[in-house]
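Asks: Listed below are the residues making up each chain.
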Amino acid sequence: MARELLPLAKGQLLDEELELSLGELCRACHMELEELEEWLAEGVVEPLPGGGRRFAAISVRRVQRARRLRDDLGLNAAGAALVLDLLEEIEWLRQRLARFEG
Amino acid sequence: MEYKDYYQILGVSRDATQDEIKRAYRRLARKYHPDVSKEPDAEARFKEVNEAYEVLKDPEKRAAYDQLGANWQAGQEFRPPPGWDQGFEFHGDFGGGDFSDFFEALFGRGGFGGFGRRARREFHARGQDTHARILIDLEDAYHGATRTVTLKHTELGDDGRPRVVERTLNVQIPKGIRQGQQIRLAGQGAPGIGRGEPGDLYLEVAFKPHPFYKVEGKDVYLDLPVAPWEAALGAVVKVPTPAGLVDLKIPAGSRGGRKLRLKGRGIPARQPGDFYVVLQIALPPADDERSREAYRTFAAAFPSFNPRSSLGV
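Just so you know, the protein sequences line up as chains A and B, in that order. Residues in the first sequence are numbered consecutively from 1, following my numbering. Residues in the second sequence are numbered consecutively from 1, following my numbering.
For reference, chain A alone in the conformation it holds in the complex (with noise of 0.2 angstroms):
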């Protein structure tokens, strides 16, 4: 079978290091900024340090996960923002669990 050549798709890596703007971050995760700013302020997503609103594009991640939450299981802001830090948590301690279980 003769192998297509597939063309390479670079992608965008949404790490720690790259910086979004807050109206940058809306877009990603498709909200209105009023909402977004209401999560702000639940601290369902928190800026860079700074005083600025600047965002880790990391949290990207963060609102796309707490917008699931909100629409599959009704949860708000605060109940979101309580979940996804025992979620983060979870992860974590998996990862270590994972050390001591070889």
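FYI, nobody ran anything at the bench for these hints, they're computed from the structure. Think of the CB as a built atom: it goes at the ideal place given N, C-alpha and C, for glycine as much as any other residue. Just so you know, nobody snuck in bad clues.
Each computed EDC-like pair below joins lysine to aspartate or glutamate, with the alpha-carbon atoms no more than 20 angstroms apart: (1) 38/B x 88/A; (2) 218/B x 17/A; (3) 47/B x 72/A; (4) 22/B x 72/A; (5) 218/B x 15/A; (6) 152/B x 101/B; (7) 38/B x 101/A; (8) 47/B x 71/A.
Heads up, incomplete: computed chain B residues facing chain A, CB under 8 angstroms, no partners named: (9) 35; (10) 36; (11) 169; (12) 171; (13) 172; (14) 177; (15) 181; (16) 182; (17) 183; (18) 184; (19) 188; (20) 216; (21) 270.
Which chain B residues stay away from chain A? Per the calculated CB distances, all over 10 angstroms, these: (22) 18; (23) 39; (24) 57; (25) 108; (26) 198; (27) 228; (28) 274; (29) 291; (30) 309; (31) 312.
Based on these hints, arrange chain B on the given structure of chain A.
Replies: Same frame as chain A, but now just chain B:
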């Protein structure tokens, strides 16, 4: 097409109240939500639970479904009886979209989300963003890599029926990527409607389990077996890291469990992670007379050594 027992899926009886149905749905939705659940088939179960709830939460749809009768078994080959739905009227568009053939045979294709949505005339909208998880090797995060990713999605065929389509992407994995981070591929999501732009594809990466490296955030751990004399007397040993072999100095007098840090040899980044070597004392087997004699000599050299002194025995 297979009959789906929506009551069984939600774990409720056929005479359950609407409140019971809602509670059962909420519980299962929490259990199988793909962002929360670690069940291997969470996504499929979540869809199934949503489909069941879509029908049973709505008294009109529930009554129509009940009219099929209670004698069907889940998975049984199903064909709707002619005229079964006469006298029922359904309202509203269906939220989640992407339901089973069985659902669509009964209730039509209400809301077909994502790929292949039929375009209405003069209606334009951006395509949905899509998400997928991919597994990569830890080494890919050290060096960067190009990986072929096969993704499945559902779209409407020319005959109007949904079908599963595979597509393959060649994706550049950037150096320094870590578990939980996403790669955004602009324009690789669901196609737009009309002249709308396509959505974006988000690939969330996770590492394949490695036989000896363990990852914690951006730090990487390795259990390193050492001989008792290497730990006691010190040694320089070869240690594998995802970036290649390094020579590691084991300080004299090391105990089992000692953690040695190779600074900055974890996952690369502007502030790279660290690589930790955890010493494990490996005992040579005493399986012939010579080695047993060596252990006896060893013991004779430490007449007052009590490994259990901390336990008070």
